[in-house]
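Chemist: What follows is each chain in one-letter form.
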Amino acid sequence: MSIKVRYFASLKENLGRSEDELTFTRLLTAHEVWNCANPGKPLPGNSLVAINMDYVELDNLVKDGDEVAFFPPVTGG
Amino acid sequence: MSIKVRYFASLKENLGRSEDELTFTRLLTAHEVWNCANPGKPLPGNSLVAINMDYVELDNLVKDGDEVAFFPPVTGG
Amino acid sequence: MTIKISTQAFDPFHEVQSYQSTRLDNLGAIGATSIFIGTMRDFNENAAVKGMTLEYYPGMTEKQLEEIVIQAQCQWQLIDSLIIHRVGNILPHESIVLVAVWSSHRGDAFDANRYLMEALKSKAPFWKKELLITDQERWVASNTNGYKQKS
Amino acid sequence: MTIKISTQAFDPFHEVQSYQSTRLDNLGAIGATSIFIGTMRDFNENAAVKGMTLEYYPGMTEKQLEEIVIQAQCQWQLIDSLIIHRVGNILPHESIVLVAVWSSHRGDAFDANRYLMEALKSKAPFWKKELLITDQERWVASNTNGYKQKS
Chain A
4 MSIKVRYFAS LKENLGRSED ELTFTRLLTA HEVWNCANPG KPLPGNSLVA
54 INMDYVELDN LVKDGDEVAF FPPVTGG
Chain B
4 MSIKVRYFAS LKENLGRSED ELTFTRLLTA HEVWNCANPG KPLPGNSLVA
54 INMDYVELDN LVKDGDEVAF FPPVTGG
Chain C
104 MTIKISTQAF DPFHEVQSYQ STRLDNLGAI GATSIFIGTM RDFNENAAVK
154 GMTLEYYPGM TEKQLEEIVI QAQCQWQLID SLIIHRVGNI LPHESIVLVA
204 VWSSHRGDAF DANRYLMEAL KSKAPFWKKE LLITDQERWV ASNTNGYKQK
254 S
Chain D
104 MTIKISTQAF DPFHEVQSYQ STRLDNLGAI GATSIFIGTM RDFNENAAVK
154 GMTLEYYPGM TEKQLEEIVI QAQCQWQLID SLIIHRVGNI LPHESIVLVA
204 VWSSHRGDAF DANRYLMEAL KSKAPFWKKE LLITDQERWV ASNTNGYKQK
254 S
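Order-wise, the sequence lines are chains A, B, C and D. To convert, count from 1 in the first sequence and add 3; that's this note's numbering. To convert, count from 1 in the second sequence and add 3; that's this note's numbering. To convert, count from 1 in the third sequence and add 103; that's this note's numbering. To convert, count from 1 in the fourth sequence and add 103; that's this note's numbering.
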């Protein structure tokens with residue numbers, strides 16, 4: 004199962020990279036994807052999560068080919 | 004006591020005139036001013052009244068030199 | 104605060120832009136601009152309308168508008184505001200009213216603009232007489248309450 | 104409905120006027136136009152700001168904005184709407200966001216515009232990083248709720 008992970012704004016800056024391409028053999032939640040991609044770095048509590056550009060909860064399951072994005076609260080407008 | 008009375012919009016059109024200059028010897032309310040200026044023509048119930056360009060109630064007293072105005076509900080904007 | 108009664112057609116975008124560039128000196132404080140433009144429709148209450156005459160009460164109209172703006176300034180933090188209202192003979196598509204509010208924050212700009220429009224429609228002495236395409240004339244009876252939810 | 108992400112500075116008045124004259128064909132139905140312009144201030148949270156960078160999520164930002172507009176169209180009767188949001192490097196006084204709503208009635212125009220702005224600020228993936236005059240950089244932590252009354 005191949006997953007694209009994207010990071011934006013302060014999350015991206017803190018991690019020092021904007022995306023990961025990951026391969027898993029079992030179904031994971033979005034939160035587990037973060038933990039596998041960033042071992043030892045807990046996801047900041049106010050982070051937002053999107054799968055394929057729709058907002059989801061952290062316990063949503065990620066499917067093969069999905070794009071998972073993590074980012075801080077939005078501040079546009 | 005000299006009073007200027009002004010009429011606007013449909014009230015003016017229905018009366019066929021836009022103002023009256025009236026002289027009274029006693030204190031009158033705005034409503035009495037209307038009745039004296041327009042005998043037999045009751046003031047339409049939704050009319051608004053202003054004295055010297057401020058909204059007032061019908062039972063407000065009118066002073067010498069005041070401008071009393073009667074007009075229908077406003078419809079600007 | 105600027106209030107204008109205009110006997111001529113006016114371009115609301117030009118008016119706002121020109122006011123902003125010539126009259127406002129603390130542009131860096133402006134975070135939010137809320138603009139409302141009321142335009143003459145070619146229909147009203149199920150009738151086609153081809154023209155309108157807007158009557159007002161010179162002196163009282165300006166006085167009431169000033170009081171409305173002062174009330175808004177007491178309730179919200181505003182940098183400036185501009186109100187232009189058309190009078191006289193008006194054609195469909197022309198602007199009737201412009202209310203522009205400049206503020207640092209959007210809540211103030213939105214709420215003050217809305218307040219100014221509702222207060223203007225309920226307190227400023229203007230009266231509309233419509234000319235229908237049937238050549239019949241009719242006075243508009245009363246303004247609706249814009250805050251009320253439609254069913 | 105038109106949504107634009109702009110990497111260049113834009114003139115909100117020119118954009119609204121040009122959209123209205125070229126894209127709207129039923130002008131006679133328009134009675135109310137509500138416009139909101141968000142502008143970059145030269146201060147924020149007690150610090151002087153000399154520049155800003157606006158990041159976004161290409162694809163998701165447009166998708167979320169479209170969903171917001173569709174929600175507004177379900178709740179209010181709208182003739183058309185235009186949203187422009189700036190991204191990239193921005194200077195004080197420049198426009199960040201434009202929301203314009205055309206409707207027959209003012210209640211719809213006001214309420215939809217307010218809804219669009221609040222929804223945009225809470226849902227559309229944009230992130231602001233401020234450059235202070237001290238040359239320090241800082242991410243804006245979160246947007247306020249514009250409906251909330253200030254004390």
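You may find that some hints are simply not true.
Pairs of lysine to any residue, SDA-like flavour, derived with a Cα cap of 20 angstroms [claimed, not checked]: (1) A/K15 x D/F146; (2) C/K232 x C/C177; (3) B/K7 x B/D67; (4) D/K226 x A/G43; (5) C/K166 x B/K44; (6) C/K226 x B/D67; (7) A/K66 x A/D23; (8) C/K226 x C/P195; (9) C/K166 x B/L31.
Hints were generated in silico from the structure; no laboratory data involved.
Chemist: Now look at each hint and say whether the structure bears it out.
Modeler: Consistency of the hints with the structure:
Straight-line distance between C-alpha atoms of A/K15 and D/F146 comes to about 26 angstroms, which puts the hinted pair past the 20 angstroms bound. Distance restraint check for C/K232 and C/C177: the Cα-Cα separation of roughly 34 angstroms exceeds the 20 angstroms cut-off, and the hinted pair is therefore not satisfied. Of the supplied pair hints, the one linking B/K7 and B/D67 holds, its CA atoms being roughly 9 angstroms apart against a limit of 20 angstroms. Taken as a hint, the D/K226 and A/G43 pair is broken in the structure, with Cα atoms around 29 angstroms apart against an allowance of 20 angstroms.
Annotation: proposed proximity of C/K166 to B/K44 is violated, straight-line Cα distance about 30 angstroms (limit 20 angstroms). For the suggested pair C/K226 and B/D67, the alpha carbons sit about 26 angstroms apart, so the restraint of at most 20 angstroms is broken. Note on A/K66 and A/D23: the hinted pairing holds, with a Cα-Cα distance of about 16 angstroms set against a maximum of 20 angstroms. Between C/K226 and C/P195 the alpha-carbon distance is near 24 angstroms, which puts this suggested pair outside the 20 angstroms criterion.
Distance hint between C/K166 and B/L31 is unfulfilled; the C-alpha atoms sit about 25 angstroms from each other, more than 20 angstroms.
Comparing the model with each earlier hint shows violations of hints 1, 2, 4, 5, 6, 8 and 9; every other hint is respected.
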